[in-house]
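**Q** Sequence:
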Amino acid sequence: MASRFGRRRFLAASATVVAAAAAPWSRTAAQAPSDATLPMPSGASAPPGGLRLLTSSDHWDPGVLTALAADAGIDVRVTPLTDDASAYAAVRGGSSMADLVTGDGGWVHAYDEAGLIDAIDLSLVSVAQELYAEARTLDLIQTPGGVLGYPWSWSPFQVAYDPARVTKAPDSWEVLLDVRSRGRVVIETQRMDLVLCAARAIAAVDPLDMTDAELASTADWLTRLRPNIRRIVRQRSDAIDALASGECTLAITSLGAPDLVKDAGGPDLVAFVPNEGTIGSIEVEMMLASAPNVARIPAYLDAAASAEASAAAFLRDGRPLYNERAYRLLVDAGHGARADRYLYDRPEVALDMTLTGPSTRPEAYLAAADIVFADR
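In terms of our numbering, the sequence shown has 432 at position 204, counting the first letter as 1, and numbering is strictly consecutive.
Since the hints were derived computationally from the structure, they do not count as laboratory data.
The structure displayed is predicted, hence computed values, not measured ones.
Any given hint could turn out to be false.
Just the calculated beta-carbon pair ranges, DEER-fashion [unchecked claim]:
no., residue 1, residue 2, range
1, R408, A595, 26 to 32 Å
2, G301, Q370, 31 to 37 Å
3, A295, R454, 40 to 46 Å
4, G291, G562, 18 to 24 Å
5, E576, P275, 35 to 41 Å
6, D303, T365, 31 to 37 Å
7, G411, R320, 32 to 38 Å
8, Q357, T395, 47 to 53 Å
9, A602, D560, 46 to 52 Å
10, G321, P455, 30 to 36 Å
11, G411, G301, 46 to 52 Å
12, R452, P290, 38 to 44 Å
13, R462, D299, 26 to 32 Å
14, A342, R544, 30 to 36 Å
Cβ atoms here follow ideal geometry from the backbone N, Cα and C, with glycine treated the same way.
Given only the sequences and the hints, what does the whole structure look like? Please build it.
**A** Structure below.
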């Protein structure tokens with residue numbers, strides 16, 4: 229069920245993320261798709277009014293929303309997204325009243341198959357012309373009925389650690405289970421993602437479709453991890469703070485953690501892709517079916533996904549975004565080495581990732597996640 233993770237290729241690209249990656253290479257942005265899939269006015273003609281987002285903390289900038297309200301009269305209200313499974317359940321159950329929702333990896337097709345989203349016409353989103361070509365042709369968002377959403381950002385999951393407080397340089401998920409790591413690990417509240425990382429750690433053939441024996445091994449791995457977890461946080465910035473303060477010395481995290489921790493006054497961290505392999509995240513902004521404020525979505529995306537906003541988001545949150553012009557802005561502003569370190573100019577690497585998403589046995593997977601999350 230899971231797509232093949234090109235571990236050898238990915239490790240070659242990102243094994244040492246604290247060192248500069250390959251030199252940048254240039255592309256010419258192609259035109260955005262022109263086939264209309266849903267009537268939707270362009271951002272320039274968006275009427276003033278409200279827009280509701282269900283998204284994670286690193287997908288919006290208060291400054292962008294303030295400017296959008298002042299310039300276009302669009303009042304954006306954000307509901308924080310805790311994890312993909314909870315967001316999907318809220319939308320499917322009708323308890324979320326969003327217009328635009330962030331989906332990750334295989335969750336995008338889960339929304340589509342449940343009839344919860346409508347295709348979006350990228351030809352009406354001006355900033356789509358700044359996307360890397362790989363983003364506009366992602367299998368993840370391409371369907372006969374149109375494009376399922378606006379591609380936002382991507383990253384593998386890595387282990388980050390403080391080498392001054394870890395005895396031996398690790399290369400495996402097993403460092404998180406070491407008794408010397410007790411009370412030193414910080415994780416985020418992405419329940420399914422943690423189970424999938426554990427599935428990689430125990431060498432499950434397909435992390436999204438584990439056998440009973442693999443699930444049992446995963447549950448055992450999570451049981452051994454539990455006493456080592458000091459903090460479970462809702463957003464990545466809290467994990468960065470825990471690492472910067474020295475409260476925690478290890479984390480399961482996305483690209484960019486070493487620089488973010490350094491920016492926060494913390495120690496020099498090392499981040500690596502475990503030799504057993506990992507899972508990856510590709511985040512997409514999706515338009516919910518029958519959303520009442522569709523007319524304002526292009527204007528919001530033009531502002532929030534602009535090159536300037538994308539460059540700022542990368543420096544703030546570490547994950548590479550899909551806006552190609554933002555890479556050039558980062559280079560021109562003196563951040564090229566940082567962008568290269570975290571593969572901003574290498575969007576093709578994301579194509580080899582095994583993506584996070586819903587499993588074939590959601591109840592069993594959530595039961596495994598409860599080993600860590602049930603009473604925390």
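**Q** Now tell me if each hint is right for this structure.
**A** Each hint tested on the structure:
1. R408 / A595: 26 to 32 Å: The hint (26 to 32 Å, Cβ to Cβ) holds, given that R408 and A595 are roughly 29 Å apart.
2. G301 / Q370: 31 to 37 Å: holds, 34 Å
3. A295 / R454: 40 to 46 Å: holds, 44 Å
4. G291 / G562: 18 to 24 Å: holds, 21 Å
5. E576 / P275: 35 to 41 Å: Holds - the Cβ-Cβ distance for E576 and P275, about 39 Å, lies within 35 to 41 Å.
6. D303 / T365: 31 to 37 Å: holds, 34 Å
7. G411 / R320: 32 to 38 Å: holds, 37 Å
8. Q357 / T395: 47 to 53 Å: The hinted range 47 to 53 Å holds for Q357 and T395, with Cβ atoms some 50 Å apart.
9. A602 / D560: 46 to 52 Å: The hint (46 to 52 Å, Cβ to Cβ) holds, given that A602 and D560 are roughly 49 Å apart.
10. G321 / P455: 30 to 36 Å: holds, 34 Å
11. G411 / G301: 46 to 52 Å: holds, 50 Å
12. R452 / P290: 38 to 44 Å: The hinted range 38 to 44 Å holds for R452 and P290, with Cβ atoms some 40 Å apart.
13. R462 / D299: 26 to 32 Å: At 31 Å between Cβs, range holds.
14. A342 / R544: 30 to 36 Å: holds, 32 Å
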